[in-house]
Amino acid sequence: MTELSIKTTTVSRADPTVWAQLFRRKLAMFGLGFIVLITLGAIFAPLIAPFAPDEQLFEGLTLQGAPMAPGGQFLFGTDLLGRDLFARVLYGARTSLIIGVVANGLALMIGTLIGVTAGYFRGWIGAVLMRFTDLMMAFPVLLLAICLAAIFQPSLWIVAMVIAFVNWVQTARVVYTETSALAEREFIAAEKTLGAGTLRILFRHILPHLVPMIIVWGTLGISTTVLLEATLSYLGVGVQPPTPSWGNIIFENQTYFQAAPWLVFIPGAMILLLALSFNLLGDALRDILDPTQRGMR
Amino acid sequence: MLAYLIRRLVQTALILVGVSFVTFLLLYVLPADPVRQIAGRSATAQTVENIRHQLGLDQPFIVQYANYFSGLVQGDFGRSYLQKTEVGALIASRLPATLLLMLGAIFCELLIGLTLGSIAAIKRGKWIDQLLMVFSFAAVSAPQFVVGLLALYIFAVKLGWFPIGGYGTFAHLVLPSLTLGIMGSGWYSRMMRSSMVDVLRADFIRTARAKGLTRWRVLGRHALPNAILPIIAMIGIDIGLFMSGIVVVESVFGWPGIGQLAWQAIQRVDIPIIMGVTMVSATAIVLGNLLADLITPFIDPRIKLR
Amino acid sequence: QDYTPDPNAVDGGGIIVTYKDDVATLDPAIGYDWQNWSMIKSLFDGLMDYIPGTTDLRPGLAESYEISEDGMTFTFKLRQGVKFHNGREMTAEDVKYSLDRVTNPETMSPGAGFFGMIAGYDAMADGSADSLSGVTVIDPYTVEIKLSRPDATFLHVMALNFSSVVPKEAVDEYGADFGKHPVGTGAFKLADWTIGQKLVFEKNADYWRDGVPYLDSITFEVGQEPIVALLRLQQGEVDVPGDGIPPAKFQEVMSDPAQAERVVVGGQLHTGYITLNVTMPPFDNVEVRRAVNMAINKERITQIINGRAEPATQPLPPSMPGYTTDYEGYAFDPEAAKAMLAEAGLGDGFATELYVMNTDPNPRIAQAIQQDLKAIGVDVAIKSLAQANVIEAGGTEGGAPMIWSGGMAWIADFPDPSNFYGPILGCAGAIEGGWNWSWYCNPELDAMAAEADSITDPAMIEARLQKWSDVYMKVMEDAPWVPVFNESRYTMKSERMGGDDALYVDPVSIPVNYDYVYVTE
Amino acid sequence: MSAQAQTTPGAVAAPGIATGPEAGAPVLTVDGLTISVRQDGGEAVLVDNLSFALGRGETLALAGESGSGKSLTSLAIMGLLAPGLRVSGGAVRLRDTDLTALPESALRGLRGNRVAMIFQEPMTSLNPILTIGAQLTEAIRAHEPVSKSDARVRALEALKAVRLSQPEKRMTQYPHELSGGMRQRVMIAMALALEPDVLIADEPTTALDVTVQREVLDLLRDLQREHGTAIILITHDMGVVAEMADRVVILKQGQMVEVAPVRDLFAAPKKQYTRDLLAAVPRLGDGSSAQALPEPVSQTPIASLSEVKVRFDIRGGILSRVTHRVHAVENVGFNVYPGETFSLVGESGCGKSTIAKALVGLVPHLGRIELNGHVLGGLSAQDQKALRRDVQIVFQDPMAALDPRMRVGDLVAEPLLIHGIGSSESRRATARELFDRVGLSPDWIDRYPHEFSGGQRQRICIARALALRPKLIICDESVSALDVSVQARVLDLLKSLQADFGVSYLFISHDMAVVENISDRIAVMYLGQIVEMGTRAQVFGNPQHSYTKRLIEAVPVPDPSFERPLRPRLTGDIPSPIYSLGEQPERLLLKNIGDGHLVAVG
Ligand SMILES: Nc1ncnc2c1ncn2[C@@H]1O[C@H](COP(=O)(O)OP(=O)(O)OP(=O)(O)O)[C@@H](O)[C@H]1O
Ligand SMILES: Nc1ncnc2c1ncn2[C@@H]1O[C@H](COP(=O)(O)OP(=O)(O)OP(=O)(O)O)[C@@H](O)[C@H]1O
Ligand SMILES: [Mg+2]
Ligand SMILES: [Mg+2]
Ligand code: NI
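Chains as they are written, first to last, in my numbering: chain A, 1 to 297; chain B, 1 to 306; chain C, 1 to 521; chain D, 1 to 602.
For reference, chain A alone in the conformation it holds in the complex (with noise of 0.2 Å):
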């Protein structure tokens, strides 16, 4: 097991001016700000938000039943049954956080294993992980949704899972063919000849040129996931109304986005900031941690 333990030399040696570099670019810093902003938010959201989340105010809506446009009481106006959106924003940061970050975090996770471990070996091993990855693609995903929702309860934590475990097979295909072609590169075979171990080469040699990559996949995805999540709470897996979400917002108000556009676009502007802000965070790590790309800005 001494394959993985080196990893902490090289991060610690950069250590220090990883931070010092982040500092001096302004995207980055926009990224983490955001980041850090929504998180507080997300966890302060009882001490900031005005209102509660799914208190349906009276004077929240017209008489006609209209929800009201930002401004004034209301930061971000009011959804269709007169609660404070800026509220539901705040809390839904909460839900969406979890999904986009953890849920994603852990398919792109999954995902990266398997595609890697196929792309390397290919063989028989490679053959069974990707067409297990094949059949986990062609599979019913709503289906299955539908089928828990009604077995479960509906939890947070089981969209969850369910993100996780349906969603880690687009990576694991773009894994593996990047995979297969790194694998054919003649220094990994040098690797080899030095009595590296698998995982070493795995991790060590290969993993680093999928950064970017991965980087690509996991920020996109947060967006996906985001919104995947909606769909599947809508079919009763996940959280269940009031609770919000920045994904529920946006579905269950997609179709007034024309009479209420701050429904759909406030939630929107934030799932794209949050996807965006990972990316500028990551691209910069990447930036300053991979020498190839050092000079090039």
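Please keep in mind that the hints were generated in silico from the structure rather than gathered at the bench. C-beta atoms are modelled at their ideal positions from N, C-alpha and C, and glycine is treated no differently. Check the hints yourself; a few may be wrong.
Cross-link-like lysine to any residue pairs, in silico, SDA-like; alpha carbons within 25 Å at most [what the hints assert, rightly or not]:
(1) A:K192 with D:P364
(2) A:K26 with D:E43
(3) B:K84 with C:H85
(4) D:K148 with B:R221
(5) D:K591 with D:S580
(6) B:K126 with A:R24
(7) A:K26 with D:Q39
(8) B:K304 with A:F121
(9) B:K304 with D:P575
(10) A:K26 with B:T214
(11) B:K304 with A:R131
(12) B:K123 with D:E451
(13) B:K126 with B:L111
(14) D:K252 with D:R432
(15) D:K169 with D:E583
(16) A:K192 with D:L468
(17) A:K192 with D:G377
(18) B:K304 with D:T131
(19) D:K495 with D:P364
(20) B:K84 with C:S131
(21) C:K467 with C:E432
(22) D:K160 with D:D150
(23) B:K84 with C:D21
(24) B:K304 with A:Y120
(25) D:K148 with B:T214
(26) C:K168 with B:T85
(27) C:K338 with A:F121
Residues from chain A shown here face chain C by an in silico Cβ test under 10 Å; the list is partial [as the list claims (entries may be wrong)]:
(28) D54
(29) L75
(30) D79
(31) N253
(32) Q254
(33) T255
Put chains B, C and D with the ligands on the given structure of chain A with help from the hints.
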């Protein structure tokens, strides 16, 4: 190669059997009774039992599956519970529209994604790169329903360039393809950028430039094919991802595809249709992946099919 | 005659109607969606019919009918010279064949249960007979139908789509695909059906009613998102959006006078309600059920759906005969409700679940209900699921404590008070897989209902309706339901559409009675 | 300004050119060129104020220490410096145009057409997913409006000119299917086909055996004669410098040490560095003076090969069926004993690297390979790992063999880590020490591979192989890119390790002088088979096989005044190891002609 192909086709068949079994099982345990959907709200218990018997739904699971499966291998998808029509015919009548839409979407994705991704990679770190990054993320974060309606509103209603939904001519195809493809184009452009950045650094690009090749040739002939490898893998995936988006896009644009059929069937537990659509889309996905795997060695000769 | 044709009506022209969902079938024995219901009505005819725009019965393919003294035998005299779309004349044999077909288990008709009062039905249902013994062909133009029990709703049943007369040879020819190749006697015939895209009906020139239909053709475009359909209506591409005005567009339409003018409002035979499962504690306590009834703010809920409904007081909708006009229902009074709960020993409230179908606006309504109940200390968890799952939970004993009926709600099959009782409030429905989701079973009321339905004498109609009124008042006392609102129908039409407004909110032909509307240009 | 436009006639093979009408006007002038790299805290200068001029038809040799900035200078001329590097001062003029000031679009028109370049590392410089043919024809068509088929014909000619066997077949192959020398010849063919005004050749013959090198050099001279091409030749091989160059620029650490006509330089070097450099040049015949090692008779071999065969499939057709086979290695057998240096020499593409790869299990082989008593194949993971500790290989193409995303220090320390040796500090210390021993600054261990020069990378690979102190090191052209002084140093290092620890070497090289210098025994390979094998004295002193003789004759002599006896240029079919399915090369039988000196008969 031939041996590989045969092996993969056998595996494909096995996967499809697996998918059919699991889906059938899911539908079996699904706490929603198709018979009650058929019988309707005024039915007596007797009627319900009659129908259940007629459809063979009172038999043990294994028997039901065996019956379905034996039909399947003979190309018989069964009859819809609610429409009473042959599922095969229903799917066949809608499949062309869906395939057309998917092709259109893939075309849009590739066109937009590869172009923007390449531009971003070339202009790495410039403002246009950042702008394109925001575009990609917006494309991925935007709910397709809203994108579709906005597109319809702007290009069909306000500008009148395209018909407001419908099916038939090329003009009908443009907006739905674009809507379905826009999300993928976000993915593709990010993927493309990332792999292009890598490739542009390679020594052989330097060689190509040293030959004095035009910019287009360096990009098109040397950088693109090297960068496109992960993209190829995505096309197989896309077919799977489309299956979820297609429901929305089809209904916004009134596109007579398979998505709407599937959605209605799911809601009403019309098992033969659900099974049929699942099998067809599973086949498409698995074959799409197979195709991607077959193409890769042609693009990167270092990879060998094993 | 029973109906005066519109003097301004002009012949010719075609209209375009859109729907989101595809049309499953046009087989009258099978079609039971609200969208193919009116299409089938235009393609087929039954012995009985309704006066357009009303809930009043009139003879259809039957020229006249006679009822025996005991109300157990009906003798229908058929119209002569009525031709099927295939050119053959319709005879009494066809009537008998059609009734046999719909009650034959092999047909798997969801409407078979309606025919339970016809003699010989039971033998059909259990498969021991292949023909209804109660239906006899007297001569080519006379059919006699014997009942096994007196039933006042029988004539309404004869007006149902399920009773439509179909030609045997066409059914035999197409077999299970008859639903895609319908042949009837209706005002329109199917000209073209492009699956998943559109259906074209064309005028039946040989139609047996004189003067109608006016339209040359109707095109149904399916698979069209309601919002887009409305957009197309605003562009003048569509004449009637079959799914109505989508909630998201409702205010926009109503606030524009030019558009609002083209909206026709009418009642429909609909009630939205919450079922309270009387077999599950604490709803087995009538006090708790009453308290819940008093806790729901129906005004607010109607506000949420943009005022497209009237608060309801009882199971029956106001336009239904037998509606109790002077009944106030449970008043909205959270304080009293709270007190009542305390009395029932639930002063600290309790936790329960509310099942709801997951299409807008139902989850929203459920959330409003949730908030109302929270105010009296009841903690409601919402389970928002696909329709089939909700129906399943409702039909499972102990499956769902509360269900909001929206989206699956009871729209009457025919305008008779009995239609709101049997399957959804009677003991017959309180079974595994049944539709009585509150599992409310009161044998006493069942007896009353049977009694009311056995009053077949037209002269006694008032007495019958009073009986029904009593039944529903008793139901309200036991409070297995919270009737929430009666939804109104808002139909929008294009500028060129003509015809009486009543035709656009026809209670039995939704959205439009195609046979009588016309276009002005 | 030290550079003058004057040229001195006197190049051996092309006496007429330098005095040609245009000789006076420089084609290319490099004027005060300074190249710097952006680093964390500012800029560091890599090439400092370099000036020289190149006349028409002239050959200018850039020689000097590995890492002195030769490659950077040539890249700067092409305008192809990697991002992060930039020309921070001076100018490069092609006739009158200042290339450093030209926009990319204008440069593009000049590249390939007027100035062409042969890159140092051929593996990474060829597009891995395009066939050789595609890459060649494309270069031709980029500048001349010829049809595809014409371009193909010319590409074929170019491949034939560099003496690549079966050029038609090669056209359809991919870079990774060619041997190192073949790739290099493809690069040369590409540049030659363009017939540019100025050709920059960065170590063009490092991977070529001397006979082919000879051909290629002749070819360059032909080009020069026919088209008046001016050549900048970067090489560390003083023999090549002596034979080819008109003038020589000596570089050290980014600075010009000396510039002089070739004869003057060799005859009377002015600077100490130049003198050292020349003194370090290995000469054929020197090796015989080295002391002979004890006879390794009684010992068991550390590596033993018998009847080893390696074949590669070539697929064709839509179904990718195997149509041909490369018989890369055929029935090779030899032993390497502990403490011995065994050299493999032979024509480029004859299977040397393939044997090396088979020894470390990277290509599947037939026959028997025994390493340290274990038969290769079917070993347990543990045994395999242990074996890997004992046998190390230094790959031919150093850039491709280093993980581009790891710091070189980590790369060098990695074998220790893999085998669980030492603590992280001690490993780091070892890495620093190894860097020092191969002549690299220990301060560079936190850099990444792409930040080094070709020769430096080669040394990193050597350092990595040494880290474990293995029993057998396979060196595949491992000193080919090193300048002579560093080369001498590295060779000394290898020898001292051998003396101290009894390390054995399997040494693959095309540089006969080096081979003679270092080897105990030598095997000469030709087309996958061994044609002659014996001790150094036997092979160099008494070459029997015609190919061996040719090889020794072709060695360039580091003396500009040396007159090479005229020999007919090689013509006719170039033998190739590719056979159709079912065909086999004829098996050569080795005959012992005394004292274990084996020679192929027939
Ligand atoms: N991208 C880079 N970043 C930093 N330093 C670099 C970079 N590229 C090259 N160098 C340094 O510049 C110096 C000159 O490199 P160059 O490649 O020109 O050497 P060279 O003379 O060609 O040597 P060799 O004969 O070994 O190929 C070397 O010391 C190298 O470490
Ligand atoms: N992967 C491969 N596929 C097909 N042919 C190959 C492959 N690798 C090597 N060859 C062929 O095998 C033969 C021997 O190659 P090898 O690399 O061993 O030559 P070499 O003796 O090391 O030559 P050089 O001195 O030029 O490096 C060549 O003809 C080459 O084309
Ligand atoms: Mg160099
Ligand atoms: Mg080699
Ligand atoms: Ni020429």
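Taking the hints in turn, this is what the structure says about them:
About 14 Å separates the Cα atoms of A:K192 and D:P364, which keeps this hinted pair within 25 Å; it holds. Between A:K26 and D:E43 the CA atoms are separated by roughly 23 Å; this keeps the pair inside 25 Å, and the hint holds. As the CA atoms of B:K84 and C:H85 are separated by approximately 22 Å, the hinted pair is consistent with the 25 Å bound. A hinted pair counts as satisfied when its Cα atoms are at most 25 Å apart, and D:K148 with B:R221 qualifies at roughly 16 Å.
Between D:K591 and D:S580, the direct Cα distance comes to roughly 29 Å. Violation of the 25 Å bound is thereby established for this hinted pair. With a CA separation close to 17 Å, the supplied pair B:K126 and A:R24 stays within the 25 Å bound. For the hint linking A:K26 to D:Q39, the alpha-carbon distance of about 20 Å falls within 25 Å, and the restraint holds. For the suggested pair B:K304 and A:F121, the alpha carbons sit about 12 Å apart, so the restraint of at most 25 Å is met.
A C-alpha spacing of about 28 Å is found between B:K304 and D:P575, which places the hinted pair above 25 Å, so the restraint is violated. Proposed proximity of A:K26 and B:T214 is contradicted: the alpha carbons are some 35 Å apart, above 25 Å. Taking the CA atoms of B:K304 and A:R131, the gap is near 17 Å; set against the 25 Å cutoff, the hint holds. Taken as a hint, the B:K123 and D:E451 pair is honoured in the structure, with Cα atoms around 23 Å apart against an allowance of 25 Å.
Taking the CA atoms of B:K126 and B:L111, the gap is near 22 Å; set against the 25 Å cutoff, the hint holds. Taking the CA atoms of D:K252 and D:R432, the gap is near 23 Å; set against the 25 Å cutoff, the hint holds. Note on D:K169 and D:E583: the hinted pairing holds, with a Cα-Cα distance of about 16 Å set against a maximum of 25 Å. Only pairs whose Cα atoms come within 25 Å are accepted, and A:K192 paired with D:L468 is accepted, the gap being roughly 14 Å.
Restraint check for A:K192 and D:G377: the C-alpha separation of about 15 Å stays at or below 25 Å, so the hint holds. Between B:K304 and D:T131 the CA atoms are separated by roughly 16 Å; this keeps the pair inside 25 Å, and the hint holds. Straight-line distance between C-alpha atoms of D:K495 and D:P364 comes to about 31 Å, which puts the hinted pair past the 25 Å bound. As the CA atoms of B:K84 and C:S131 are separated by approximately 23 Å, the hinted pair is consistent with the 25 Å bound.
Note on C:K467 and C:E432: the hinted pairing is violated, with a Cα-Cα distance of about 29 Å set against a maximum of 25 Å. At roughly 15 Å between alpha-carbon atoms, D:K160 and D:D150 fall within 25 Å of each other, so this suggested pair holds. A C-alpha spacing of about 16 Å is found between B:K84 and C:D21, which places the hinted pair at or below 25 Å, so the restraint holds. Simply put, B:K304 and A:Y120 have alpha-carbon atoms about 12 Å apart, close enough for the 25 Å limit, and the pair holds.
With a C-alpha separation of about 17 Å, the suggested pair D:K148 and B:T214 falls inside the 25 Å cut-off, and the hint holds. Restraint check for C:K168 and B:T85: the C-alpha separation of about 19 Å stays at or below 25 Å, so the hint holds. At roughly 68 Å between alpha-carbon atoms, C:K338 and A:F121 are farther apart than 25 Å, so this suggested pair is violated. Taking 10 Å as the C-beta contact cut-off toward chain C, the hint placing A:D54 at the interface holds, the least distance being around 7 Å.
Annotation: A:L75 was flagged as interfacial toward chain C, and the flag is violated, the nearest CB pair being 21 Å apart, outside 10 Å. Taken as an interface hint, A:D79 checks out: its beta carbon lies about 9 Å from the nearest beta carbon of chain C, inside 10 Å. For A:N253, the suggested interface contact is upheld, since its CB lies about 8 Å from the closest CB of chain C, less than 10 Å. The interface hint given for A:Q254 is met, as the beta carbon of that residue sits about 9 Å from the closest beta carbon of chain C, less than 10 Å.
The beta carbon of A:T255 comes within 4 Å of a beta carbon in chain C, closer than 10 Å, and the hint placing it at the interface holds.
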